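Q: Now for the letters of each chain:
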Amino acid sequence: MKDIAQGYMTEDGRQIGAVLMELKNITLKFGGVQAITNASFDIREGEIRAIIGPNGAGKSSMLNVINGFYHPQEGEVWFHGKKRPSMPPSEIARQGIARTFQNIALFHGMTTVENVMTGRQLMMKKNFFWQLLRVGPALEEETVHRRKCEEIIDFLEIQAIRKTPVGSLPYGLQKRVELARALAMEPKLLLLDEPMAGMNVEEKEDMSRFILDVNDQYGTTIALIEHDMSVVMDLADRVVVLDYGKMLADGTPDEVQKNQAVIDAYLGVEN
Amino acid sequence: MFYRESGQFKSSYKEDMQAFPIREDKIGIAVWLLLAYLYVPFFGLPGLEYGFALNAIMIPVLIFTITTIGLNILVGYTGQISLGTAAFMGVGAYSCYKLTSYFPDVNIIILIFSSGFFAAAVGALFGLPSLRIKGFYLVVATLAAQFFLEWCFIRIGWLYNFNPSGAIEVPQREAFGFIVTGAAAEPVTRYLVVLTILIFLTIIAGNLVRGRIGRSWMMIRDMDIAAELIGVRPLTTKLSAFAVSSYYCGVSGALMVFMWLGAAEVESFDVNHSFLYLFMVILGGLGSITGSYMGAAFIWTFPLVLKEIGKVFEINPTVMENVSLVAIGVMIVFILIKEPHGLARLWQLGKQKLRIWPFPH
Ligand SMILES: Nc1ncnc2c1ncn2[C@@H]1O[C@H](COP(=O)(O)OP(=O)(O)OP(=O)(O)O)[C@@H](O)[C@H]1O
Ligand SMILES: [Mg+2]
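Note that the protein sequences, when read in sequence, are chains P and D. Under my numbering, think of the first position of the first sequence as 1, with each following residue one higher. Under my numbering, think of the first position of the second sequence as 1001, with each following residue one higher.
Simulated from the structure, these hints should not be mistaken for laboratory data. The structure presented is a predicted model; accordingly, all values stated were derived computationally and were not measured. Mixed in with the good hints there might be a few duds.
[As the list claims (entries may be wrong)] Here's a subset of chain P near chain D, in silico, CB distances under 7 angstroms, partners left out: (1) Leu132; (2) Thr143; (3) Arg146; (4) His227.
[Stated by the list, open to error] Anything over 12 angstroms on all C-beta distances counts as not near chain P; from chain D, calculated: (5) Tyr1013; (6) Phe1043; (7) Val1209; (8) Ala1243; (9) Asn1316; (10) Val1333.
Backbone N, C-alpha and C define an ideal beta-carbon position, used for all residues, glycine too.
So that you can see chain P by itself, here it is in the shape it has in the complex (with noise of 0.2 angstroms):
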């Protein structure tokens, strides 16, 4: 593996900064379940850093530790170079970590753009009084964040459904509106647990091209989980590879392609 201590420049000629969040030697048990045994590694800003595995091997459950919906028995979590101490999810949203879900996790009682501007929430700041008169600052705010995700619901050419009901449309489509309400909170790191899954090709590329032109536009730092391996290979700079919640491996896409471990445990099985 390449010496990337201060950061390195990719391929494609993206420059990677330092260390944005680090975890380090994290376990997390269910009862007798050992879901992630001992698991370390970083992810640097600018970075699209994938984490795949077989099934069961704790990649979800590793996105939960890192946006704080679990907490590891042991190990500990470094953002901005700072350990983080244990705290409510609702607090992490905070510090700038937004996430799509693996099972998508829309509010399905509203439409796309409603969903889209739950994204705004943290930062909308007129209060109650303000926000029962609906006058001056207060609609005021509500316009400024409302132009901003319809920005955004531009971006990811949805707008045929900004006023559809979130729970009618296709699966492809809640994948991307969910992707577009993580957007709308700006984070600096954003967790994507299998943005593709159930995708047919045509949506998988449009999915790529979005990630990529997110990280691009924005430098927005994405960790993704993902299970189709040509996508992680044109879209990951670093991979990590879990199996039964133990790393395997860690390295560019060429690098764990090439591991015997990874192609026994994973690749071997997959291809």
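Once you've looked at the hints, dock chain D with the ligands against the given chain P.
A: Structure of chain D with the ligands alone, referenced to chain P:
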């Protein structure tokens, strides 16, 4: 093709974010307002005796609409449940009664609005368990609140100024030079006060549910885990819903006693009434303010209509009463299974049909 969105382009998000972006809806609301302010005060309701129209229909329906909007904020918008509604109304009513005894010279309208805050505080307190428990268990917890408060209304004599009858009796009070409470208050005065308060509270509820606060309620309702991962704090969000909801219940409880009943004891706030208000919410439509109007109006007037029909066919009134209970029960079950968004949704569907009329495709 009278009711349509096409051809009415929104040039700004502000326009698009209005409560009624469609022109025909705006006209409709204006017509309702004109009728409420200029027709009803002079003529009552068509075909009904004036005093009956105001005292037995309009005033209670408007008051219960406030209750229903309040309960809808909790049940329909935030996805919590409460069977303590009537008791929270009671808190508002008894608070208002105590306030009128302590501050006899303060404008009664101000006291009515203030009494809502007592209900809000009590509601938030009994909303605390919602942080840990959901569904059936929360129903039980709110039911406990209902019975505990009923017990307070009976046992704490201070609440009814140790009146031997155990009832609170509304004193005569003036506001803006008119007698608005007590036996001497004209029905039309009370009607106009209640109507104006309802419209005011409707606008506020509409503002809240369309903004940040309303979205945080709906986020908790639709998927509390995702809401939390987006940064919504479950504690403040749920408690704010309980508080706002109970505020509405409190104000409506004060209005019920001061503007309608004239006197009340604990029976006016019992659990049967809590069920009645829940039915209004469900039938009108969960998560709809328009639906709250429809639900309250329907549940209140339906038995009266049946009673009249019964009179025509000379059927025993108690039979008709039971018929209306059964019919409402059946409707609730039907709505819960078939159309969770209630009358409001049916109304919307009707409007949509009109929108594409005369070309159904
Ligand atoms: N909340 C939980 N309670 C108990 N066990 C859990 C919980 N969440 C995850 N697990 C267990 O932890 C292990 C890892 O699960 P995880 O969902 O992280 O896997 P994954 O790598 O995301 O798999 P997949 O590819 O199927 O999504 C599994 O054995 C799973 O059953
Ligand atoms: Mg998973």
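Q: Now tell me if each hint is right for this structure.
A: For each hint, the structure was consulted:
Residue-level restraint check for Leu132/P holds (minimum Cβ-Cβ distance to chain D is 5 angstroms; threshold 7 angstroms). Nearest Cβ of chain D to the Cβ of Thr143/P: about 5 angstroms, under the 7 angstroms cut. The hint holds. The closest approach between the C-beta of Arg146/P and any C-beta of chain D is roughly 4 angstroms, which is under the 7 angstroms cut-off, so the hint is satisfied. For His227/P, the shortest C-beta to C-beta distance to chain D is roughly 22 angstroms, which exceeds 7 angstroms, and the interface hint is violated.
For Tyr1013/D, the shortest C-beta to C-beta distance to chain P comes to about 4 angstroms, within the 12 angstroms cut-off, and the non-interface label is violated. The claim that Phe1043/D is not at the interface with chain P holds, since no C-beta of that chain comes within 12 angstroms of its own (minimum 34 angstroms). Look at Val1209/D: its CB is around 10 angstroms from the nearest CB on chain P, not clear of 12 angstroms, so calling it non-interface is violated. With a least CB separation of 10 angstroms from chain P, Ala1243/D falls inside the 12 angstroms interface cut-off, contrary to its annotation.
Here Asn1316/D stays apart from chain P, with its beta-carbon at least about 44 angstroms from theirs, past the 12 angstroms limit. For Val1333/D, the requirement that its beta carbon stay farther than 12 angstroms from each beta carbon of chain P is met, with the minimum near 22 angstroms.
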